[in-house]
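**Q** Can you join these two chains into the complex? Each is in its own frame, and there are hints to help.
For reference, the chains in residue letters:
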Amino acid sequence: MMYAYITRRLLMLIPVLFGVSIFIFVMMRVVPGDVAMTILGTDATPESLAQLRKEFGLNLPLHQQYLNWMGGVLSGDFGESMRSGQAVLPDILSRFTITFELTLLSALISWIIAIPMGIIAAIRHNTKTDFSVRMVSLLGVSVPNFAMATVLILVLALFFSYSPPVGYIGFFEDPLRNLQILILPSLVLGTGMAGAVMRMTRSSVLEILRQDFIRTIRAKGARERVIIFDHALRNAMIPILTIIGMQVGTLLGGAVIIEQIFSLPGLGQLVLTAITQRDFTVVQGSVLFIAFVFVMINLLVDVLYSYLDPRINYK
Amino acid sequence: MNSILEIKNLSIDLVDGRKTYPVVNDINLSIKKKQRYGIVGESGSGKSLTSLAIMNLLADSLKITRGSIVLDGKHELTKMKKKELRKVRGHDISMIFQEPMTALDPLYPIEHQILEVLRFHFTFSKKQMRDMAVEMLKKVGISRPEQIMKNYPHQLSGGMRQRVMIAMALICSPKLLIADEPTTALDVTIQAQILDLMNELTEDFDTSILMITHDLGVIVEMCERVAVMYAGEIVEETTVAKLFSNPAHPYTSGLLRSVQSLGNRTQSLYSIPGTVPTPKQQTAGCRFASRCPHVMPVCNSSPPFLEIGNDHSTKCWLYAKEGVVNA
Ligand SMILES: Nc1ncnc2c1ncn2[C@@H]1O[C@H](COP(=O)(O)OP(=O)(O)OP(=O)(O)O)[C@@H](O)[C@H]1O
Ligand code: SF4
Ligand SMILES: [Mg+2]
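Chains A and B supply the protein sequences, listed in that same order.
Position 308, counted from 1, in the first sequence is what the numbering used here calls 308; the numbers after and before it change by one each time, with no gaps.
Position 255, counted from 1, in the second sequence is what the numbering used here calls 1255; the numbers after and before it change by one each time, with no gaps.
Among the hints, erroneous ones may be present.
Negatives, chain B to chain A, calculated, CB over 12 Å [claimed, not checked]:
1) Glu1006
2) Ile1096
3) Gly1159
4) Asn1199
Which residues of chain A face chain B? A few of them, derived with a C-beta cut under 10 Å, are [what the hints assert, rightly or not]:
5) Phe213
6) Arg223
7) Arg234
8) Leu308
9) Pro310
Listed next, with one range per pair, are the computed distances between beta-carbon atoms [unchecked claim]:
10) A:Phe171 - B:Lys1126: 37 to 43 Å
11) B:Asp1204 - A:Asp212: 24 to 30 Å
12) A:Ile14 - B:Val1015: 58 to 64 Å
13) B:Lys1019 - A:Leu10: 58 to 64 Å
14) A:Met1 - B:Val1015: 47 to 53 Å
15) B:Gly1309 - A:Asp212: 37 to 43 Å
16) A:Leu299 - B:Phe1124: 39 to 45 Å
17) B:Thr1278 - A:Glu224: 30 to 36 Å
18) A:Arg223 - B:Gly1309: 45 to 51 Å
19) B:Asn1002 - A:Gly245: 56 to 62 Å
20) B:Arg1144 - A:Phe229: 27 to 33 Å
21) B:Arg1144 - A:Pro116: 38 to 44 Å
Treat the hints as calculated values from the structure; they're not laboratory data.
This structure is a prediction, so every number in the text was calculated from the model and none was measured.
In this text, a Cβ means the ideal position worked out from N, Cα and C, and glycines have one as well.
In isolation and in its complexed conformation, chain B is listed as follows (with noise of 0.2 Å):
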């Protein structure tokens, strides 16, 4: 068993009053040990739902209703008590968000902040946990430690924001790293650069990565593999390579064009037409029919999730022999 998170038939509701919506459906991922795991769709798409549940971050109105999340093959993340959870967040999994304008508190400086996540863990010295603040900031590129850590948040780029909370997340040497849109907010030229410190860094600490876009771009620069979700689903999952080669979802081939088409200008722009439905939206079938382009009378039932090729599964109609379904 080499894998360092394991997800299994995740569902998550949202709880809206009396009423609830299913928003996160059936999920079911594993991150290998250093493997490099990427999450990619649209917004709306349950992506950021998806990873914070795994450490149990979500808000009181949604509910995780079904399914394991299990790290290292032996500890079950959904059971966990409070107080074990504690210890698994910002040490065994940490996570940086999408917003690096919000995500620290605006009241401390950066020193505070960084040594936080080594007191809630370790019980070095304050002297020993300076060093090695220090000694982290100057990892993630900052030139200037001493000086940054006297920092406030409101002081500082969202560039240098982004590389504390980096600095923040991996001081404690995670086995596994959550990075909602990381670089989202962030300038192109400073995207690539925080890209391939997080690429460089986990490779130093032995990290897994689970990224989460809806950029496939991100995704083709960090990941060796990936998951496509849609509408609280996964329908697409295998290896970087062939998502790209050779993608099977109608979703998939969409999100790849209106890539392909970006990176094209003569072309006019491309985007899938149509809107992701919303939990409250979801009707049965397959939750991609309003935008299908292939879309027949069987997709009024929910596609099974089957394995169409070597190390390759997808959620669709046109793959599935309507004979496999019920088999």
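If we strip away everything but chain A, and leave its shape as in the complex, we get (with noise of 0.2 Å):
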């Protein structure tokens, strides 16, 4: 029942793709300016500029361009870069391991920040604690990430003399340096996450305590850390999810900014640097690139649900 259903899901996974295939397709060619241009400057002669889009198909009719494209995505390949003459999909794969570890970390920050600090907020509700811990994540969510990564960035500089390591090193291949590569931008990242789902852990749980069905627990004689985490925590699990899944969006958004605030060589940095080339097969290949994974990443949060919640039935 469940494999149908993903086979299900996946199958619709094609127009979605297609859809944004055509989307960024178009959307590159209607900003004025292409790759020829920007490698050879505003003094090219504009024999020389038809040459070089000559070289790059650029001069085939845009249906024939489009198929071309298409062509080599569905056989893997997603062409090489009009820069740098790399493979798309192998630069788009390396750097998106660092994206992906970002991503992962910030998220991993912000739970562990958000739900304990939610739960508590929601079984302190309306007293000082409750009040100092919505506070806090108001000023998370009003924040913005640039912002409190320069704040961070500045302050790590003028009272600890400390500066980021610059550059990237693989997590396999020396641990420790990665990691302090990357935990200051997911602090940022995770930080500006942590309000909303902090939010709507203590709405939830909140929530969720008023229910009929946990005075039923109480009655039956249960302590405190049973109900709360046993019950409450577990129901309100769903809604902290769909919070959780809206937020991956916004955490890839983020990602493209903090990727340059922090120098990491990511899949934001490679999408942004292609756009103001006008690299036209990086962007495209990138894009459709994030629209997969996003839609993979719903794909999860959908499961997950039917394995949190047995009143869902995927048919």
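**A** Structure follows, in structure tokens:
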């Protein structure tokens, strides 16, 4: 049953990704400027521009260009970068590991902060503890990531004479150094996300604690610990999971900016550079890839729902 | 002393910001061993609050301001520490609630929810507990207990869930079962089955019942003794037989009249005009005054709760000589 559902969801991926591919393909050709102009500069002759465009196949009719690109993509060949000549897909994958690690670490940090704080605020609702937790979370929600990053870097540099290491080293090469590099950007992203998760945790736990079945469990003689963790939190995880799923998009978006600030060679950086250079193949390939990741995460969230909630029955 | 539960002068206030409103006022009742005691009254009369106060399950905004609740002649429940109170809940006293739809945790199978109450109070092995649960489910009339144990609440009908609730409530053989409108949410035929079941089982388990209902029919069916509640107060207290043969309080008469008109379809339905005043609307004097056909000037002050006959008390000026009040 579950497998049938997952298969169906995967099939639904096809039209979504098809739409995304057309959208990004058209977008790249609608914005002014193209890759030939960015390579040759403003004083290039029309002849040399036309020559270069021909090399990239940009002189062909649009549908032909699209079919050429898609044909490659479907056979697993995302083409080469128009700037560096590097194969696009391997580049995307190697950079995605960085973005993925950053996103995952940020998410973990935000959950570690937000879920316990949310529970405490719910248990002590309308007390000073609750009030302070809510103030802090409001701060987390309203301070933009880049401001937070800047303040963090400045504070560390001015008061602790610490500057974060630049460059990137893979986790499996040097785990310690890898974490050292990623911890600050992850902290920034994670605390940014923590506010929303905290508020959702607080309100859902609070809401569940008011339900009849909690009274039943209390009437059975349960300890508070059992009431909170086995019942209130488990039930609250369903709405919390929703907000976590929605945050993934925000997190990926935030990663683009954070990678710039901390000069991390992640996927966000790749896309940004490729856009300014009008590197069509790289932009199209990356956006398609990100869309794929996004849809897969949504699918994962839906599968988790059915695991958490026996009432959900995917047919 | 053969009282299982003795409530004395219980008062509960609703705290709303800086203000407090009395919601339950000076309740007295005593439930004997194996007795089936009923509390009857319209919606909003404070029945549920009284029953929740017994095991200290009131919402944070509600506070017991006065009185004592004594279990078994020795345990004062209102002053009990949390840890001791946990031992009473589900073990000495258990509860069944009105809404079987929402009274079970939707995320756990029935087995977990029944075994939980055993785990809270005993240290049996998992196998022992499972056997006890199966046995108990059979007793509440569930024919395929192994199957039901694996089910989730949403897979069961309302009647089945209420049977599960009863199984859960009785599995530790409590001294007192509090049932707050246990059949109100069920179909009429299922209602009768559930009441029969409770009658039968509490007999087997030597359990007393505190039955909370707005339905006098349920009282006749189940109870030996009854307290009539109105706007947070007990207005009449006696045996069920006396209440029906010789109702004293005008409110009780009204309730009885509405039941009788329900049985006699040729008459139009009678209901007591007006509604129960909410805690915030209450004024001095008899709380039933705004709806009472016999209201008198003296009703502007609160009537005393007096014994008017053998084992029969009521709170109404009709039965009090004014001289008695201050005596
Ligand atoms: N948590 C609460 N906060 C505020 N007021 C409450 C709360 N619980 C109950 N009340 C009020 O206290 C009064 C008594 O409520 P209670 O639930 O005991 O009535 P009841 O007799 O059980 O009625 P019903 O038949 O509707 O269950 C009502 O006026 C109700 O509005
Ligand atoms: S005290 Fe007065 S108002 Fe109240 S029930 Fe008796 S007669 Fe009616
Ligand atoms: Mg009630």
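**Q** Mind listing which of the numbered hints don't hold for this structure, in increasing order?
**A** Violated hint (a single one): 2; every other hint is consistent with the structure.
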